[in-house]
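> Protein chains in written order, with the numbering used here: chain A, 17 to 219; chain B, 539 to 1029.
Hints were generated in silico from the structure; no laboratory data involved. Cβ atoms here follow ideal geometry from the backbone N, Cα and C, with glycine treated the same way. Possibly wrong hints are sitting among the right ones.
Below, in silico cross-link-like pairs of lysine to aspartate or glutamate (EDC-like), each with a Cα-Cα straight-line distance of 16 angstroms or less [as the list claims (entries may be wrong)]:
1) Lys1017(B) with Glu101(A)
2) Lys819(B) with Glu894(B)
3) Lys40(A) with Glu611(B)
4) Lys615(B) with Glu157(A)
5) Lys599(B) with Glu101(A)
6) Lys193(A) with Glu1019(B)
7) Lys40(A) with Asp604(B)
8) Lys1013(B) with Glu162(A)
9) Lys951(B) with Asp966(B)
Pulled from the structure, derived: some chain B residues nowhere near chain A, Cβ distances all over 12 angstroms [what the hints assert, rightly or not]:
10) Asp650
11) Thr662
12) Leu703
13) Asn928
14) Gln1025
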Amino acid sequence: MPEIKISPDQSDALGELVNLGMGKAASVISEMLNEKVSLSAPEIKIIEYSQFQSSIGEFANLISVVQMKFFGPFSGISTIVFPPESATNLVTALMGEDVSSEEIDCMRYNTLNELGNILLNSVVGNLTNMLHERVNFGVPEYLEGETTPTLKRLNLSPTDPCLTARTRFIVRDLEIKGDIILVFTLDSMQTLLKSLDKLLADV
Amino acid sequence: MNGTTNVGVFRALDFIPSGALVFDQSFIIQFWNTTFENWTQENREDVVGQCLLDKFPHLGKRIYRDRFQETLEIGSKAIFSSQMHKYLIPCPLGDGKFRQQECYVYPFSTEDQSFAVMHAEDVTSVVERSSQLRNLSKLKDRFLAATSHDLRSPLNIILGFADILSRDKNLDQEGRDDVTIIRHSGESLLEMVDDLLELSKLQSQKKHSKTQPKMQKCKIAETIHSSVQVNQPLADKKNIHLDLQMTINANALVLANKLDLTKAFTTLISNAVILANPNSKMKIGVSERSQHFFIMLSYNGQVIPDDRISHVFEMYSRVIMDSPTEKNTGLGLSLVKSIIQYHGGQISANNRSNHEGTTFTLTLPVLAESQITQAKHFLVIDPTPSSRQNFSLLLESTLHGLEFCTSQDELEKKLETKRFDLIFLDVDHPQLQQIIEKLNHSKNLPPIVACSSNVNDLNNLSSQLVVASVSALTKPLVKEELLKVIQTLMQ
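Can you make the complete structure from the sequences, with help from the hints?
Quick look at the structure:
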């Protein structure tokens, strides 16, 4: 990947935009749960997809992923990756603790797909909205399984530029970790950074 | 009734077997398809022109309204799963039940207007069938557990009498051989019943989190060593050298149910011994990295076909073939995997590159306490109940000397009666200044970990405290970070 440099100002602005989107999603999730959802500030990085793959770590042997494509001035794939225990915690928080783990397994697909849909719509929507751009959203898709083959199914090239936002939120004392990754085409990443500069100049 | 537009554009929605409606930016229903007419018995003429949020007031909640708004404004597509919402449009089925729906809301624009299309798929029969299947699966588990349990008693009687018979001096050689067959078959059956019982116990623990097995601190080196020793006679029979190499601290700990973990190691090693070639060497390596123990077991012998190796841990997968002398119940490796997984670990099998055998790799999380030196008394100064509860949850399994206080008076009493090794202080505490003063005046002040959701508050605090070591943690707390700070300060 030709090196994409991100200035501290751009990184701060991106962090804030992603955070705003996540905040909106958290308030919807909070109403769904009827519980307060505490959210940490996301840690923003621009890395290559191969670096992201290794950052998932050798111990997250299983992952739950919701991916959603978007097209327009910024084209790419938005993805949220949950480690297995966080995925279970999230479903437990939504369904209540009396639900058996067998039932949680059955509910994972739909529940996580919808939660991923809420988070990704908010993050991508807020980002494009604030940058005065409009994108077409794809339909979310839920994938689950061993890390390496599941990440392979995303059909991304190792050098694709990724904007990663690592976050965690706490619901009812259950810690939920998640990585939100926006993978852009190279052109889109440059367009994004230009739009960010424009936004910063207008502020 | 409000004015309607563009109805003709949506006519195609009459031909789909799912409910569909269209609403505009003011949430006015512009189209109501024939499927919804059939499901709700409400005619299009009566519904079109009404406000969606007035017609179906529950959709006025933020979880629906905000997401509909998002679709209309930014063009996102929203999913509403049947599991979380049951349905968006109430469609009665006549017996007090409603059609369960998987709903999608997506944008649609004409030249001059934006709309949202709601598409509802009826999944009632799928949900009911899956519930029936879950009930059947529960019934099967109960049957398996009860049958295995009931088989054990008569089997033990058969084995007991076979043993008595085998010692009967009046029995000729042929009779003795027959009794040996009865004993061996009975023992195989008992082993299978025991594995079945163990598996159904694990399944039941998995399903009911409240019946989790008792976990305790175990020295992993000791547990593996004893599992190797148990398998030594079996290995000796085939002249297999069990080469155990451990590069971990002898006192390194895992949080485990010792009986189950020993059973997992023993079963894994015995399976490998069955598969290994006679007169060969089996390597068992135990190492530690990135907070995990790695146990690698490799043998030369029967190779699992590449296309079946991913099924090796499934029940009755029969991927591993019986050897001429040993029968394989088809449950052993499935049991091992269940045990390792509930200990927070992973297990995998890979054929060795030379295709002369297989390597099993197993990971287990290191118990963080084993890395923390003997700090026993921790004090948390925090007025928020949920925050204190969070500390308990995060540290419960690793520390026993965890105490709490909420006010400066309580702190004074605590400091008078006990010497603490570490103090966690909530920087957002309303009595922060008084607490800092109290801490600055107390003797032998331990290291302090300042906790706050605001990083700036943490930086300010360190200048105010007269203590050798102040660390900071941002809320919400994360177990790994918490343990890392404890470990650093205790060293």
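> The structure should be examined with respect to each hint, and the outcome stated for every one.
Verification of the supplied hints:
Using a Cα cut-off of 16 angstroms, the hinted pair Lys1017(B) and Glu101(A) holds, with the two alpha carbons roughly 13 angstroms apart. At roughly 12 angstroms between alpha-carbon atoms, Lys819(B) and Glu894(B) fall within 16 angstroms of each other, so this suggested pair holds. For the proposed pair Lys40(A) and Glu611(B), the alpha carbon gap of about 15 angstroms is at most 16 angstroms, so the pair holds. Only pairs whose Cα atoms come within 16 angstroms are accepted, and Lys615(B) paired with Glu157(A) is accepted, the gap being roughly 12 angstroms.
Restraint check for Lys599(B) and Glu101(A): the C-alpha separation of about 30 angstroms exceeds 16 angstroms, so the hint is violated. Of the supplied pair hints, the one linking Lys193(A) and Glu1019(B) holds, its CA atoms being roughly 13 angstroms apart against a limit of 16 angstroms. Using a Cα cut-off of 16 angstroms, the hinted pair Lys40(A) and Asp604(B) holds, with the two alpha carbons roughly 9 angstroms apart. In summary, the hint linking Lys1013(B) to Glu162(A) is not supported, as the alpha carbons are separated by about 31 angstroms, beyond the 16 angstroms threshold.
Distance check on the hinted pair: Lys951(B) and Asp966(B) sit about 21 angstroms apart at the alpha-carbon level, beyond 16 angstroms; violated. Consistency note on Asp650(B): stated as away from chain A, and its beta-carbon is indeed over 12 angstroms from all of that chain's, at 16 angstroms minimum. No beta-carbon of chain A is positioned within 12 angstroms of the beta-carbon of Thr662(B); the least distance is around 15 angstroms. The non-interface label for Leu703(B) is consistent with chain A: the shortest C-beta to C-beta separation is roughly 45 angstroms, beyond 12 angstroms.
Not every Cβ of chain A is farther than 12 angstroms from the Cβ of Asn928(B); the closest lies at roughly 6 angstroms, contradicting the non-interface assignment. A cut-off of 12 angstroms between C-beta atoms confirms that Gln1025(B) is not in contact with chain A; the least separation is 19 angstroms.
Hints 5, 8, 9 and 13 from the earlier list are contradicted by this structure; the remaining hints agree with it.
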